[in-house]
Structure formats: C-alpha cells, structure tokens
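K.L.:
Letter by letter, the chains look like this.
Protein chains: 2
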Amino acid sequence: MSANKVYLLDGGTLVIDGYHAFWNRGPGGELRFPCYAILIDHPDGLYIFDTGYDHAHVERVLPFEKPLQTEAQTIPGQLATVGLRPSDINYVINSHYHFDHCGGNIHLTEACTLCHAKELEACASPHPFEMLGYSDVRFSPDISAKRGAPAEPALDIYTPKFETLTNDQEIAKGMWLFETPGHTAGHYSLMVELPDRRPMLFSADACYSKQNMDLMCISSFHLDPVASLQSMERLKELAEKYDAELFYSHDPASYPDYLLAPAFYS
Amino acid sequence: MSANKVYLLDGGTLVIDGYHAFWNRGPGGELRFPCYAILIDHPDGLYIFDTGYDHAHVERVLPFEKPLQTEAQTIPGQLATVGLRPSDINYVINSHYHFDHCGGNIHLTEACTLCHAKELEACASPHPFEMLGYSDVRFSPDISAKRGAPAEPALDIYTPKFETLTNDQEIAKGMWLFETPGHTAGHYSLMVELPDRRPMLFSADACYSKQNMDLMCISSFHLDPVASLQSMERLKELAEKYDAELFYSHDPASYPDYLLAPAFYS
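Read top to bottom, the protein sequences are chains A and B. First residue of the first sequence: 1, per the numbering used here; consecutive thereafter. First residue of the second sequence: 1, per the numbering used here; consecutive thereafter.
Chain A with its partners taken away, still in its complex shape:
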C-alpha cells in the first residue's frame, strides 16, 4: 500500500540574496522564498519530511534572513489545520540539517528521526562555512552539547530516536529516499507514490527552484559544487524514469501553484 495523502505544510518565508540563490550568477538583491514541510499519511504511520525553520532561532541567529512566519505557519499550527497534534507524528525525515529544514523537529516529540548517516556526522562537525546553515541543532541534545554551550534556550523536552540510513532507501511502501549530496554531505530527496496521480519528487535543497534546474545553476550554499550538479542531473533522470512531478524546496515562482494544507494530494 502506497501513501494515502500528501499535505504541504506552509512554513512562511525567508530572504536571501540573489547571488546565494543562483551561485555566481545572480542577479543580486533580496529574494524572498517559501519554506514548507511535507506531511505523508501512509498506512505505516504519519511521516513529516523536513520541518521548516524556527522563527525565534532565525530572529536570534540569522535576522538578516527576515523571517515572516505566523503562528499558523509553525508545525503545530499547520498540523492543527488537518486535525493533528505534533505528538501524532510517527517519523520525521530530514533531507538535511540546515536550520530551515529541521527547525520544527523539536515539536515532534514522539517521532523517530530518519536521516542520512553522513548528515548527522556533518552537522555535528561542520566546516567553518557551514556554521550558519547548521546553526539550529536543538533537534539533537547530544549534538547541541558537542557543538558547545548553545546560545539557544535549553530544551528538556525529549530524547529523540535517530535512525541513520545510507544509500537509496524505500523507507515505506512507495516512499523512496534518493541520495542527492552536494548541497550537504548527506542530503536526501524524497519520492512519494500516490494512488491517483504521478509520483511526487521532492528535491529538497538539491534544487531550490525550477529556475535553478532550467539554468543548471546551484545555490551558493554547498559543500561540493560538482556533486551538487550531479544531484540535479540525478533528479532530472529520476523524474523521467518514474514520470514523477518535481516539487522544489524554495521556489517563489512555482509555490503559488502548489496545493497547501488543509488541501492535499492523493
């Protein structure tokens, strides 16, 4: 049995420079883009792929990204729109551990956390140029402690359960994680099969937007630009192989066409 429904949970917006969205290409200037989480209602349980950013964290650590996020755009707020509470979620999958993809993990106190093994290592020992990206590691008290006394308020809410993966994985019937490294060391994209439509292929930050794909232009935030390009090529091949529809992670042009919760894909 494949997934029943997929909800996109709107998570507000952030701002980066055009030179960050389109590496060495631009044009420069402020670019505001959406962030969202993906809720998958599957016979095996409730999954969330990525959890957006935590508004207070961004205000404190990266205020120049000018977060705009209402209470209704938080993970608890979005889950409420579909009649769920954070404690209902069984699994969190993180494409990677940049702050705008794991900020809502802290609400999902009952979930088992799935991620690539290399990603959990990478966010525990970031390179200097990855410090801001990996700045919100409260989802792991262990890693928070290893990274030194956190500037964040302490959390004593939970002891997360991590399950680390490697290689491509069908984590539940019709739900595939595909390795797409480059943006970070252990980045995963997700494909979800549904009964009555084409598979949905969520690039996560292996490709911010359709424009990035059309230009074959990666973002300025990366660990390995060559691997990043290869991962974009891989996404195109996967979309073709499975006749899947690509959903980009931060695409102001495509986002208005996406169905947002409480509406859903099925």
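Think of the hints as simulated: they come from the structure by calculation, not from any bench. A quick note: this is a predicted structure, and the numbers were derived from the prediction, not measured. Incorrect hints may appear among the rest.
Because identical chains cannot be distinguished in the list, a pair is counted as satisfied if it fits within a single copy or across any two copies.
[Said to hold, decoys possible] Below, simulated SDA-like cross-link-like pairs (lysine to any residue); rule was C-alpha separation at most 25 Å, straight line:
#1 K173 - L68
#2 K118 - D224
#3 K66 - G28
#4 K161 - V226
#5 K236 - M131
#6 K146 - M216
#7 K210 - P126
Given chain A's structure and the hints, the job is docking chain B onto it.
P.N.:
Showing chain B alone in chain A's frame:
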C-alpha cells in the same frame, strides 16, 4: 643562486560583487580590485608568474567586471618599463588558468609555459560553473580548438611549449611552487627567495586578500570549498615555516603598500 629581483607588473583592475570576494558573507556591492603579474629575474632565466587579464577579452566576454587597464598596464607595457620585450621572457608559470591570470600569455611567444597537470586538464574540460573563469584559453591553440569554435579572434602567433608539473616543485633555485588546490583543480602558489629580504610568498587565488585570510573566508569562485580552506591553512603554515611575506592576488587594501615595477624587491 636564488632570484636576483622580483618586479610586480601592474595589470589594472576589475570589479566583482562583494558576495563573490567573500563567499556567502559579503557584504554585497561592487568591489574593485587589482590584478598583477610577477616578473622574476633569476640566474636561470626570466620568469613570469601569472599574466593578468586581456582587456579586449574581458570587454567582450565579461564586461560586467568593468576592466580598467591602460596600455602601460598590459604585459608589453609593463615589461617596457623595465627595459624588456615580451620575447625576452623564458618561462611563464600560471598559478591557474582563470582569464585574469593568463590573459597576457599570448604576448610571451618565446616562453615555455609551466603549470600543474591537473590545471591544464581542468581548463580543457571545465564544469558548467567554471566556464566564465576558464573563458580565455587562447594561450593554448589546442585547448581553444577542443573547447569549440572560439568567439575570440584567432591567433597564429605561436606554438606554446607546455611543461606540466605535479606535487610541490623547486623549479629553480629558491623558487618553489606549492600545491594549493580548491579555487581550481591544479592551483599553485609561488615562493621566491631573495638575497636581502624575507621570501615572498604569492598566494595567487588561493587567497585573494589579507581580509580573506583574517576571516578564513574563501572566494565564491571555487571548485572545492573544503580544499580551498585547507590551502589557506597551508599558506599560513608555509609563511610561518619559511618566515615568508604573503602577497595576495586581489587585495585593494594591501596593494598600495606593494612596490610596483619599475621598482623591485631584491
């Protein structure tokens, strides 16, 4: 016998965005910076390390870098200030093959060209994001042809002799090439020992400026950011080990303190 004299040959200036000079850090905005070549008068011959940019090429292919270069700031113009002609030069060494480091090679028709083997391969088959960097390959008619019909006017001036190197190399007494990859695949920095002063360590684009070094912030133009940081660390260690003075490649703040030809270091 170590080198006799070192001349810095002023090559004019270019403009990039602050986000390119300081990767993912900025601030943004136009940053004008110097380019220069290094002439080494050595008992074994006359060497030039890097040759700046070709004004016509930049105007044609990268006009947004707003080149400012007088006739006196070309390789022939600069050599004339010290009583030399381009045909007097015995060896050209290129730190790497970005257009602003090899644009003057075409004038040095009698010279043997030294470079890292990996660099010659890289500029023959660039990644998509390296196309503008490796846009001026007229120094090698073979590579120009391999890269397809050039937009540049054809040259029939010479058949350059290449000598490719790997590893660190003492290419002449007291003249060391040190591997500093990351900015490009086969990047070399150069150290020159002189009789009456500390060795001069030319970072080339392994580090644009003192500010980059102080911040440990690489430029946005790179093949491998992790290797780039390791190369910056290596330059610091080399400077300490040899008590060498670092000369940066594109440093508007330090450049006014550099002696320019016809003055020289000895």
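K.L.:
Against each hint, give a clear statement of whether it holds in the structure.
P.N.:
Structure-based check of each hint:
no.	hint	in the structure
1	K173 - L68	neither (36 Å within a copy, 62 Å between copies)
2	K118 - D224	both (14 Å within a copy, 18 Å between copies)
3	K66 - G28	both (16 Å within a copy, 17 Å between copies)
4	K161 - V226	neither (33 Å within a copy, 31 Å between copies)
5	K236 - M131	between (30 Å within a copy, 22 Å between copies)
6	K146 - M216	between (37 Å within a copy, 23 Å between copies)
7	K210 - P126	between (29 Å within a copy, 24 Å between copies)
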